[in-house]
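With the hints as extra help, turn the sequences into a complete structure.
Chains as they are written, first to last, in numbering that gives the first Met the number 0: chain C, 0 to 86; chain X, 0 to 439.
Hints listed in this document are in silico derivations from the structure and should not be mistaken for laboratory results. Using N, Cα and C, we set each Cβ at its ideal position, and we do this for glycine too. There's no promise every hint is true.
FRET-style restraints, in silico, Cβ to Cβ [what the hints assert, rightly or not]: (1) C/G53 with X/G213: 14 to 22 Å; (2) X/G288 with C/D27: 31 to 39 Å; (3) C/D27 with X/A417: 37 to 45 Å; (4) C/G53 with X/A230: 39 to 47 Å; (5) X/R259 with C/E23: 55 to 63 Å; (6) X/D168 with C/A81: 45 to 53 Å; (7) C/E1 with X/D212: 27 to 35 Å; (8) C/R19 with X/G317: 22 to 30 Å; (9) X/R111 with C/E60: 37 to 45 Å; (10) C/D27 with X/A422: 34 to 42 Å.
Single-letter residue listing:
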Amino acid sequence: MERTEILVQLQRSLSEVLNREVPELREDARLFEDLALDSTSVIELLMSLEDTVGLEIDPDELGPEVFRTVGTLVDYVQAAFATSPAA
Amino acid sequence: MKHDLTGDSAARFVFVNNFEVERSWAVGEPKLPGADISFAGATVNRMEELGVLLADEGDIVLLKAELDPDFAAYLAGLGAAAGRTVSVENHDPQRMVTEDALVSPRLLERLRSLDDGRTYLMPLGVSAAEEELAKATGLPLAGPSAATCKAVNGKIFSRRLVAETGLRDVPGRICRTVGELRGALTGQLALGGRVVVKESLGVSGRGMVRVEDGRGAERLLRLIERRGAEAPANLVVESWIEHAQDLNYQFVVSRTGDVRFETVKAAVLRDGVHQGHRFPVELPSAVVGELHEATRRIGRALHAEGYFGMVGVDAMLGRDGTLYPCLEINARFNMSTYQSRIAERFIPEGTHAIAATFGLRLTRAHTFAEVARALGDLLLDGTGRPGVLINNFATLNAAAEQGGFHGRLYAICLAGSADAVLAVRDEAERRLHEMAGDRS
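Written as structure tokens, this is what we have:
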């Protein structure tokens with residue numbers, strides 16, 4: 000999946016989880032500080048992302064560094080696609 | 000409280016305000032997927048400063064870092080900080096105050112020198128680290144063992160206690176293993192409405208997820224069932240009570256089993272956004288009666304488990320007037336505990352208060368003098384006019400880093416009526432955002 004496409008899907012998932020229209024994402028936007036994600040919405044974001052990008056994510060393997068910024072999360076999804084047999 | 004917990008009214012307390020001790024109790028416990036990802040550790044760890052307003056004359060408050068001198072002078076001017084403070088020499092923002100203390104030899108020596116047979120460590124809650132601190136300093140704990148504290152603070156324990164004491168429960172069930180979650184979620188959703196899934200030993204406000212419908216349930220199950228049906232889960236699955244008023248009440252269980260009701264506070268929401276907790280709360284007398292009865296039953300049951308100390312219980316008052324008297328037992332200090340001395344001193348009959356948290360986006364650290372200037376005539380001066388008392392300042396700059404960070408101020412807003420106090424809160428928030436240059 001292309002990076003721009005992942006960004007669009009992430010924007011869609013964030014809007015759904017945060018229950019508000021999230022504007023176009025900047026890669027350096029911080030998920031917790033700038034976009035106001037919290038721990039409850041992280042779980043919901045993971046659930047939503049699995050649906051929208053069609054990727055199996057193992058949350059037990061995720062560290063906080065993946066969720067630092069939009070860019071780091073997109074990096075993770077892109078890397079996961081690269082190693083996923085379904086990709 | 001001193002007599003209740005130690006049998007000696009003249010005991011001296013060394014307050015160890017280990018906020019989110021729940022994190023220690025949760026070590027090794029199963030978590031919800033992704034529940035560990037977000038956590039503002041550095042900020043929460045500096046909430047230990049709230050203890051300064053709790054201490055009586057002669058008491059000591061253990062801090063991670065000394066108070067901002069202007070904040071100390073402000074509190075002293077109000078007569079709001081009666082005790083002394085001591086601070087660790089090895090401060091790491093990611094560590095709780097107790098953990099800092101354990102690696103600060105000079106502080107440990109100082110604490111050892113306080114041992115006079117009537118000086119006690121008084122933590123927010125007891126975990127293994129506080130037991131270690133008691134051992135390292137020779138100062139006894141004014142509370143039960145870490146094992147007892149952990150046992151009575153689980154949400155599974157709360158549900159069982161509610162069932163055994165005959166209190167009204169929120170419809171729900173307990174899942175010990177991952178394999179039990181599917182049936183529990185399906186069954187609970189079938190009753191109608193939304194469902195909340197909580198870790199038994201999750202930190203308040205975290206370690207939970209709301210499930211809207213069958214699709215949401217499938218999503219959660221997909222994430223968690225990968226662990227295998229036999230994997231431990233330790234979750235409670237409960238119906239989400241819509242539009243209920245959140246209440247929190249507090250009581251003390253003494254060493255000898257006496258139970259004393261203290262206060263009840265209510266969450267203030269506007270357009271669904273949490274504004275803080277207000278007190279006093281006017282509740283129908285039948286509800287007050289139920290809360291007192293719940294206090295007696297829960298207190299007695301906790302004492303039978305070996306617990307004594309402060310207890311905060313989360314309750315809900317449904318729109319139809321139904322009281323759910325026990326959603327969660329927090330057998331430890333609560334935010335109410337830290338507001339009790341302030342309430343006694345600054346909140347006379349007829350005054351309305353809101354305990355508020357102001358979240359600010361900052362681009363640099365700010366001093367207390369700047370906060371005081373920004374609040375101007377709203378900063379409480381003890382003359383009886385409406386205003387805002389800042390009761391934790393260290394959390395403002397705890398997460399300071401280049402390029403912007405989130406800071407928090409804890410405050411008690413006071414005014415003559417429920418509406419006026421909300422207006423004071425709003426205006427204080429506006430002025431603080433102006434100081435931060437944050438227009439969001």
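Okay, the hints, checked on the actual structure:
1. C/G53 with X/G213: 14 to 22 Å: Distance hint for C/G53, X/G213 holds at roughly 20 Å.
2. X/G288 with C/D27: 31 to 39 Å: Check failed, 55 Å falls outside 31 to 39 Å.
3. C/D27 with X/A417: 37 to 45 Å: Distance hint for C/D27, X/A417 holds at roughly 43 Å.
4. C/G53 with X/A230: 39 to 47 Å: Since the Cβ atoms of C/G53 and X/A230 sit about 25 Å apart, the hinted range of 39 to 47 Å is violated.
5. X/R259 with C/E23: 55 to 63 Å: Holds, since X/R259 and C/E23 (Cβ atoms, about 56 Å apart) stay within the stated range.
6. X/D168 with C/A81: 45 to 53 Å: 49 Å, holds
7. C/E1 with X/D212: 27 to 35 Å: 31 Å, holds
8. C/R19 with X/G317: 22 to 30 Å: 27 Å, holds
9. X/R111 with C/E60: 37 to 45 Å: 44 Å, holds
10. C/D27 with X/A422: 34 to 42 Å: Holds, since C/D27 and X/A422 (Cβ atoms, about 37 Å apart) stay within the stated range.
Hints 2 and 4 from the list above are not met by this structure, while the remaining hints are.
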